[in-house]
Structures are given as C-alpha cells and as structure tokens.
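Trainee: Just need the whole structure built from these sequences, with the hints factored in.
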Amino acid sequence: MSTNMRRRSFAAIALAAAVTLGAAACSSEEPGTGTTEQITLNVDVFGNFGYEELYKQYMAEHPNVKIVERGTGSQLDAHNQQLTQRLAAGAGAGDIVALEEGVIISYLDKANLFTDLGEYGAKDLAGNFIPWKFQQGTTADGKILGLGTDVGSMAMCYRTDLFKKAGLPTDRAAVSALWPTWDDYIKTGQTFKSKVKDAGFIDAVTNTYNTILMQKAGQGAGYTYFDKSGAMTIDTNPAVKDSYDLAVKILDAGLSAKLQAWTQEWNNGFKQAQFATIACPAWMTGYITEQNGADGKGKWDIAAAPGGGGNWGGSFLAVPKQSKHAKEAAELVKFLTNPAGQTASFKSKGNLPSSPQALADPAVKAAVNEYFSNAPTGDIFAKGALDLKPVYLGAKNAPVRTAVENALRTVEQGTKKSADAWTAAVTDGKKAAQ
Amino acid sequence: MTVQSSTRPEVAPGHRRGGSTPPTEPQRSKGVLGRLDIKYSPYLYIAPFFVVFGIFGLWPLIYTLRMSLYDWDLGSTVETAKFVGFDNFAMFLGDSDFWNSVVNTIAMFLMSTIPQLILALILANALNKRLRGRTLLRMGVLIPNITSVAAVSIVFTQLYNRDFGLINWVLGLFGVDAIDWTARSWSSWVAISSMVDWRWTGYNALIFLAAMQSIPRDIYESASIDGASGWRQFWTMTVPMLRPTIIFVTIISTIGGLQLYGEPLLFTGGGNPLLGGSDRQSQTVTMFLMEQFYMKFELGRAATVAWLLFILIMIFSIINFLFTRSLRSADGKVKQKKGASR
Amino acid sequence: MTATAVRTGTTPAPAPKRRRRKGGGAAERLWQASPLTYVTLLAAVALSMFPLYYMFVIATRTNDAIGQTPPPVTPGGEIGGNVDRLLGNESAAFMTGLVNSAIVATVVTVFVVFFSSLAGFAFAKLRFKGRNGMMLAILITMMVPTQLGIVPLYQMMYEWDLHNKLPSIILPFLVSGFGVFMMRQYASQAVPDELIEAARMDGCSTFRTYWNVVLPGLRPAIAVLGLFTFMEQWNSFLWPQIALGDPTNPTVQLSLQRLSQGYYNDYSQVFAGTLLSVVPLLVIFIIFGRQIIGGIMEGAVKA
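Here the protein sequences line up with chains H, Z and A, keeping their order. Residues 0 to 433 (numbering that gives the first Met the number 0) are what the first sequence spells out, left to right. Residues 0 to 341 (numbering that gives the first Met the number 0) are what the second sequence spells out, left to right. Residues 0 to 302 (numbering that gives the first Met the number 0) are what the third sequence spells out, left to right.
Think of the hints as simulated: they come from the structure by calculation, not from any bench. All of these numbers come straight from a predicted model, not from anything done at the bench. Among the hints, a few may not be true.
Label pairs and their calculated CB-CB ranges [claimed, not checked]: (1) L64(Z) - L135(A): 18 to 24 Å; (2) L109(Z) - T180(H): 38 to 44 Å; (3) D63(A) - M313(Z): 48 to 54 Å; (4) K416(H) - L57(Z): 46 to 52 Å.
All residues carry an ideal CB built from backbone N, CA and C; glycine is no exception.
Mentor: Structure representation (structure tokens):
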C-alpha cells in the first residue's frame, strides 16, 4: 500500500507519459540482465489477503522474482468475472489467482484450466491443511487445483447494545448458552423482538440458512445438493428441506431485518444498528469493523453459533494453465499457504488459517479482537474450524445454492408463500444444475 | 432555388430531409482526376468506418456466431468444442428464464422510451419558444446526460433505498408504506425506467429541438392563419415534420433500451446482481447473457443469447420503423387538407 | 446566402381577408412562451438537477449521512475530508483514471467526428454504387450489442499486446455508426445541394468541398456529436473493465467502480468520487454548452 505514495503525486504531475510507462512497466516481463532469468509473478486477489510482508520476504529470498499483486480491495464478484473473462480468452490471468470456496468448486470439473499443483509437490502438503479444506481443492481424480488460504469458520456476532436493550445477557458465555440449538435461537429472537421493535434479530435469513445447511449436512449424509456420484439431491436430501424449513420458521417468527447481504441497505444496517445478530465467519469480523466504523467499537461481541460450527467462505490459491511460470508460481503458492504464511495473514488481516499448525500457533490461538469487546477470536474460530465435518459440494453447487437462497428471499420479501417458493427452489435448482 | 421557393409547405426544404434527397448528378468536371474523384472518393470516405468496424466489430461477431453453434465451455477451443448446430437456440426459445428476461427488457424499454419521447417532444416544443434564459434552460435539461450510468445508478439506488431513501421518505409523508423497490417486478421496473428517463429525456429533447429549428416558420404562419391552435399545430404539423428525427431517436432508443444492462445491474446489487434479484424480477436479456458467461461458464450459450438479442433488436427496430412511418400518413393528411383549403 | 432568406423572400402574402381576421400576431403568438411553458421547463430543469445536487449533498457529508432519517437535503462541510480520502485511496487510482479518461475521450472524439462527418457527407451528398445498401449496413451495425464480441476482442487485444494499454479502449471506437447516421441525416437537411453543386462547378475536389463547404455547415452537428462522443467515452464502462485489467491504470469509471464495489463501502467517498468524475464534463459542458446549444440555433438559421 505504502509503496504507492510516490506514484500518486507522480501521476498527477507527469500526466499521460507516466500512465503509459506505468502500464508498460507493470505488464512486461523484461529478460534479466544477470545470469538468472528475471520473472514477474502476478497475483490476482480480491478483498485483502494481507500478503505484503510475505511478498517482501519471498522476493528477498528469490532475487529473480518480482511479485505484483493485483485486485487488492476489489469485490469478489468483480474478481471472479475478470478471471472468467481471462480464462475464456486464454490469456491475461495472473500467475496465481485467488479462488473463493464457492468458486473453486465450480472449477473442479474444469481442472484443465489450472495447473495440477500435485505435479509440484503439493501432494505431500496435505498435513498442512484441515482435511476437508485440502479435499475441497482436489478433483475426484486427485488433481490439486488450489491450496487453501483461510477458512470462514462460523460463530455468531451480536450487538451488546441491542441485547442490553432487550434485557438479554450480554456476556459471551451466557449468550452462547442461550442458543445451543436453532430452536433456542429462534426463541431468543422472539424474546428480543417482543422488547425491541425497530431492529431485526438477524440481518437476513439466507446466510443463516447456509450455515444451518452445512451443519445438518455434516451431521447427516455428508453432502448437500449433490451426492458424491453427482446426482441431484435437492429434493431427496432431508438436510436441505430441514434447513429450508428452519429458515422459514425464522422468517415466520418475524426475526429478519430483510437486509439482503452486500446491498446498500445491508451496509446501512450495520451503521444504524438494524439487526442484533449476524452469522459470522472469521472474515466477517473485519467487514463489521470497517463497515460499522469507530462508533461501533465495543458494541459487538462474538458467541458460539447455534447447532455447532459451520463454514462460510475462505479461499484457495491456484495457478492457471496459461501462466508461463507455472513452476515458480506453484512455489510461491506453497510459500504463501504454508503454516507460517497463514499465521502472517491472520496477524495482518484476521483471515483465519486453514492449517492446523497455524491454528495451534499461539499468535493465532491467543488472539483477541479489541473491536469485539476483546473476544478471543483465535480460540472461538479455531475450535469451529477443527470441529467442522467435511461436506461434499458438487461442481454446480453455486447456482443451486443461489436458487434456494433466492426462493428464501422471495419468502422474506413476501412475494411468495413458503411452499410455492420451495417448489420454485427445486425447479430452478434442477435447472441450474444442468 | 426554384423548388424551395415554392409556397407549398410540403416541399419546403426542412421537410425534404431524410433518405429522399436525390444526390446531385456529377457535373462536368475537369479531367480524369476529377472523374476518378467523383466516382471513387465516396468509397474512400466511408472506408474508415468499414475498415475499423470490420476488424473490431465484424470479426468478433462472426467468431461469436460460430461459438453459438457449439457447446463451448470455459477453456474450449475450436478443436475441443462440440458442434451442436442450433440446439442452443432451441434451448433458449423453450427457456422460461430467457423469456422472463425478454419480458423484463421490453417492459422497461416501453416504460422508459414512451414517456421519454413524449416528454422530450413537449420539452423541445417548449424550448423552441422565445424564452428568457433559454440557453441556460437548454443546458439545464441536457445536464443529466453527462452523468455516467455508474453515477446515475449510485445516486438513484440511494434515492430508492428502502429504509433511508429520499423517495420512500417523501412517500411516507403521504402515508405510503416504505416500498422495497428491488423486491418486485413493477417497482424495480419503475425505478430503473426512471433512471433511463432522467438520463435521456433532455438529450432527446435537444435532438428534437435541433430538428424543429429547421422547420420553416412560415409554415406555421399559414397554419395559424387557418385557425389551428398551437397544440393542434404541434401534433398535426410539427410532429409529422419531425418524422425522420423521430424515427432516428426511436431507433436509437430501441437499440439502447433493449441492451439495458448497467442500470438494472447496479440497482439490483447484492450477492447475485446478474440474476436481477431474487425472482429475476429485473433481469434483462443482457444480464441473462452475462449470467451464461460469468455464472455458468457457457460461452456458446452466451453467444447464442447475444445473437437472439440482436434479432430482438432488429425486430423492434422494424416495428418502430413501421410504426413511426405511419406518421407519414398523418403528414399526408395535413398536405391534403392544406391543398383543399387553398 | 441562406435558404431562409430565399424562402421568406418568396413566400406569397396570404389572403388579406384572413390576415385581417386573425391579426398579424397569430403566428407570433405561437412562439410566445406562456407561464405554463416556464413552469414546465423550470420543473424539468429542477428534476434534472436534483440527483446531481443530491450527489453533491452526500459528497459533502460524513459516511453516516446516508442512513439518516429524514434523508439529508442540504450540503455539509466534509467535502475536503472526503476528497482527501478519495485521492489517498491508492487502490482506486482516481487521478490516473481522470487523466486516462481525458486522453481516451479526446482522441476518440476527434476521430469519430472526422470519420463520421466525412462518411455522412458521402452518404448524404455523393452518389455512388451501393450507397443505400452500405448505409443500411451501418444502421445494422448499430444494433449489434457491444457484449457480443467481448471474448474474441479481448483475445485480439492480447495477441497484439494492447491489453492493459489505452489503445485497446481507443481503437475499437474510432468510428461510430451512430455518428455516421447522425451526420448523414444532418448533412442532407442542413447543407443545400446547391452549395455542393456550386463548389463543384468551381472545380473543387470532393474533399475540398467537404472541408470548405460541408464541414462548416455541419458545425452545430459536430458540436453535438463531439460532446456526446466525449461523454460516451468518458462514461464508458463495460469494455474498459475488461480490457484494462491492470488496476493501477484505470479509467475514471473503473476507479469509481473500485470505490463503489470495494470490499468496504465508504459512501461519502464514493459520492465524492462520483462528483469529481462528473466535474470535468460539467466544466466542458459549461464552457462549450453555450456554443453547442448556440450552434443548434445557428444551424437552424443556416438551414
């Protein structure tokens, strides 16, 4: 970030020439003057992976490698679309690209687009990752598409100010004790709503639904919309319907503030204290901190999620086939995703490691989050990540999940009855799976 | 100047616009060079368009046409993709989601274009009067057009915000409950159409105004003398006279309107903006196209939708053309009446 | 000599009887603006201005203003802080975006105006084989959705090593079907055939005719097309987003998108950026707007 300070004033003064030169410098790979070939590795990310220090270290150890990170701070959607375009065009993608959990799954049946990291020794690294995380990046025939960075293990973030207003306990242990199950959670919500009329108990139901589904699938069949043979199970897997019904129950109880995630309304909701709880993967703490700003500090805390742990999000690093430096890129991926690298990323941006060694690292385990009333985030989230039972997700998981989420949204918005919405979810889900 | 000096309004120059102007006959010119110039220079003048379009427009077009006939996945090449003929086309013609996007697009197109053109005509007529500060007024109505789609969408999305938007707040003053504008078809159509209208009405008004300025005023003079009211003159004389411009503006609006993308995309927001909301309530054809590309990785099908969109635009342009051409008959009536009155 | 002069000069006096009955001001009245006209126009201008004003309001307030009830309608005093944050936001590269957009929009505008007026002149005033067919072809090209050719176009830019560079977003837009169509429509109505004939009789080549006779006649249309082309390029989004993948080298709209779709939304910063992205166009518009609109008037007199 700080390296760009110079560039700003530079660009302002030197106008066009600077721009053109800047572009050329960024995209060209000039042959080195020394004995080793000088190469540039582009790393395409979204959000913030907190890798700056790691890059510096790596470049110091490998003088012939120059690392350029692109897309820092961008939204996942924009990042994915750009990647899709570049993969379609067969050129332009980074040497390393970040693939979010939902995204890497959809690329599993397009493994030919990526380098099999197994060819570069990634097979021996399985022990560095939580088993289900390593599994998610591996195709059915054993190709390793990506190595895990972080996981989005789940807790429940809640606003102590609103809980106080509703006469509920605010201590995190006492709050966790309020809701061992989702039914208890709903009851707590009803108590809350009877006292506080102008705020919802949850932001929106979809994220809660996804959490419930992953829990139920983990406890049940071990898969969600597709079984391991790839057959569609949206209307045969009881975990799906049970989770859907539970989500509808939350809606029927009037707990939702109906703020669809990633919309402007939702962002406002953080600032205006429009909801009391939110399904909270580790990375969400960073989002809340920035979205709610300074005046939200100390008004949030983190409790255990009802019904056990869960996972939402988390990413992988992969090397597209089109990269001209597959070997060097693979080495860098291994470096960034090794336990030390993951610990560094956690320290920098709070991204929860997907490596058991990193999770056991005191720097992670003992971490507390000041913004969230000094909640021991390292401990809370690490436990969730290690407890999670692996759930198999099919390659077309994302569109089917979207279909079900949208069905729930229509119920939430009051445009469809829950039974009709379920029928629509099944129809659309099956269609999306084609 | 013999033709123009005619007293009959129907052959006045302002009226002779459009494709009907006969090109001038090549006059006697000096030498071979002159003849070559007259014969071949037009091709030279239009060549830049065709050269640049050929490279950057036509070639990609042909390439996508080819893709639309294949089961073309992310990472496919001509060698690996499977030829499926018109299967993709057949699939979409039977796909309710595709037709939903067509309905949404047409609905938003009609909801934005019709009020827009009527308002633009009225505005143009008003601006065509003798006004104080008319340059400022003219600039005032054109201002929205300099704003980008992104800026318009950012501002309007905020204005239409469910909980904190100005529009719901104003409606609330009249006792109307807060509307969740993105949740339903009609409300998102209204919101999106209003963005399009805001941005384009002034622009079209000025295009109309430019054309109105070239209608000779003496035509009106004789009509006023015939006792036609201002309003009637507007509809029976001005509007028919503007026929070529109206055709131009409607066709441009059709092309733009049916490709609607940025506004609904940014307005929908949220986790899956390409779907146009939870029930695909504001998904346009272009968004549907992008869904095939970005969400499903089906490049062949995306190409197919692009071609279907192209066909749709052609159909609508032809309908428009036929519809606006019917103004010609109104035009004709004026002529007849004028003739009779003389 | 203008056609108008000829026209008025040869308009025969209408029947005296009618003139007496209706009075000489009958036609005059038609051009008088009634109070209703002013009300309509002022309302239109107010509606046109309001969203921009609102943009300004949010840009001058803190990030919390967006969630206030009732929504704010008066400016605050935070513009300096918001702009500082915007310019200090390196991932948006806003200044680079402004400069890039200015270059691209200027180059494209010059070429579009030149090529369009040249072709428009040819289509309107010159006779050549296949004229109507080619005009129709141009019309049809306008109906081609931009989205149609994105993937092959990107491949092409990559092949020529133009991706991430400004030529990739300039070259495909050097011609415009809309521009040709507009110029043709305008030329056929605004440039009298007689002038062309006269020039030709004087021995002018077609290009000299274009340069000396047609181009000046097209001035109002050129002003309009120029402004619209500039705006279109300034505001263009879809293709630059694809072609300029390098985030340090964006156009102004791309930096806006990075701001508004950032991981974290700072709305007052977004609105400050939106405002600043509009300001250059506003300035151009205020400087040249009079001429453009005046040009429309002038053109009318000429025609």
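Trainee: For every hint, state whether the structure bears it out.
Mentor: Evaluated hints:
1. L64(Z) - L135(A): 18 to 24 Å: At roughly 19 Å between Cβ atoms, L135(A) and L64(Z) fall inside 18 to 24 Å, so the hint holds.
2. L109(Z) - T180(H): 38 to 44 Å: violated (51 Å)
3. D63(A) - M313(Z): 48 to 54 Å: At 50 Å between Cβs, range holds.
4. K416(H) - L57(Z): 46 to 52 Å: holds (50 Å)
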